[in-house]
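Number of protein chains: 2
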Amino acid sequence: MQITEYLKTVQQRCDDHLNRVMPVKEERPNIIHEAMRYSVFAGGKRFRPALVLASGKVFGADEAALLDLACGIELIHTYSLIHDDLPCMDDDDLRRGKPTLHKAYGEGIAVLAGDALYALAFEVIGRCLTAESMAEIARATGTAGMIGGQAADILLEGKDITPQDLEYIHSHKTGSLITVCLTTGARLGDAAAEEITTLRDFGERVGLAFQIVDDVLDETGSTETLGKKSGADKDREKNTYPKVHGLQSSIDQAVTLIEAAKNALVLPGHDTIILELLADFVVHRVM
Amino acid sequence: MQITEYLKTVQQRCDDHLNRVMPVKEERPNIIHEAMRYSVFAGGKRFRPALVLASGKVFGADEAALLDLACGIELIHTYSLIHDDLPCMDDDDLRRGKPTLHKAYGEGIAVLAGDALYALAFEVIGRCLTAESMAEIARATGTAGMIGGQAADILLEGKDITPQDLEYIHSHKTGSLITVCLTTGARLGDAAAEEITTLRDFGERVGLAFQIVDDVLDETGSTETLGKKSGADKDREKNTYPKVHGLQSSIDQAVTLIEAAKNALVLPGHDTIILELLADFVVHRVM
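Just so you know, the protein sequences line up as chains A and B, in that order.
With the first letter of the first sequence counted as 1, position 170 gets the number 170 in my numbering; the numbers rise by one all the way through.
With the first letter of the second sequence counted as 1, position 97 gets the number 97 in my numbering; the numbers rise by one all the way through.
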């Protein structure tokens, strides 16, 4: 199976379901609902939902529950992009080829729309997850995870940092949410504790590789292909893998991480091919 | 019992528990943790936790679970104040007698600390609530509740609005979170569906009265007693009850709402005295 075809199917299913779970813009407060939809339907690849669906499928999880979880996590991802793009954060004007939300609707609406997407995410995942899994997602998106990475990223801009600091930023900023896609997806099926651990290891490597590739693309891609301003990291003196390790070494590290992730993905009696293809997809973007 | 004494005990218990559940500032990312604590320990009255504890107590809920819920909701309340104070929202410089978080730590940190408090809240309430109750809190804090009210508040600044619009803003911005304190607190005990409905009605009236009183105090209080800039609503052409209904009528409406709330709080076989005293406390601030 072509992974791009699989991703296309996931994208269609997610977009349909997101359309169902999100308030329509005719509903009050209209502008916030319109703004939420502007960002959610800006053309995301739905890579995180694909991880949720693939991981859950490995363990025979219920499809409807998986779709709720996948969409809930995509709402969280979108909220994080909106807040990261704000002038007081990364100050980005372009996202997925469109003006960022604060450029299109103003900063106040952007902050609130982000907040609202995060709230909606917990409403949606509350339908399918246990309280314990919901708390796991909260933790992965708080200071022990996503926010922790984003905070360090901003606080260390323009400073010389160690490779360890850089790995901390990347594994938290991007890796935590990617990892929790895999663990919570599997928990919706019949996954055992040691299988969850295997998926966590897989997710941590894939997540780190994903952010390294993002750094590489920021340097090598064009604004047109990226849908956001290329070279923005360099302009802002961001700490990136190419800056700290050089371009080729960064690509090599990403490839090595993906190989290690796939090799360690040993789940006897389970078909993990889609997860492996999704891992390959991460590095194929720069190969 | 004096309600101020009760509130003092609640404050002490909550502050101790918040101190336990919040990451220490020595933990990475340090500045975010420091900023979160700056706002959470700025001297809040802990009125919402008091509602949670009182409501749960009526139905014999477990004290440890109630304390987690109470603190989780206080984290959400604090996050909402941090984001509301931002320059792109209400643009306030003073809160509880101290510089607002973005004044003290910068806007980027304030956005992230708010986000992080919301995440932490779901981590904490995940210990005590069911997934369904967690989703109820998510809903009360999203566009169907708190964010909906705040969005309308900002979008309608400086415009002439109807009393219905004003009630929408107040009941959502403030009432939704207050109501969910009561319903989720009771759900931790043995409350039946019709008792939850009774508490919801009580919460909606108390919540609306609470925000009306806040409007009144903004006009009549001093910056010193309020701990935030008095007259700020007028300066920003906010839609307030005094602006739309006049000062005395606003006070009268708040008093009437509290009386109606108490009269309808009929829970046979249960002692509701603390809830009634907490309702009285809301209007005693302007009487």
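If you are wondering where the hints come from, they were derived from the structure by calculation, not from laboratory data.
Heads up, some of the hints might be wrong.
No copy labels: a pair is met if it fits in one copy or bridges any two.
In silico PhoX-like pairs for lysine-lysine, Cα to Cα no more than 25 Å straight-line [as the list claims (entries may be wrong)]:
{"#": "1", "residue 1": "Lys159", "residue 2": "Lys25"}
{"#": "2", "residue 1": "Lys57", "residue 2": "Lys25"}
{"#": "3", "residue 1": "Lys159", "residue 2": "Lys103"}
### Query
Looking back at the hints listed earlier, which ones does the structure fail to meet?
Checked against the structure, the only hint that fails is number 2, while the rest are satisfied.
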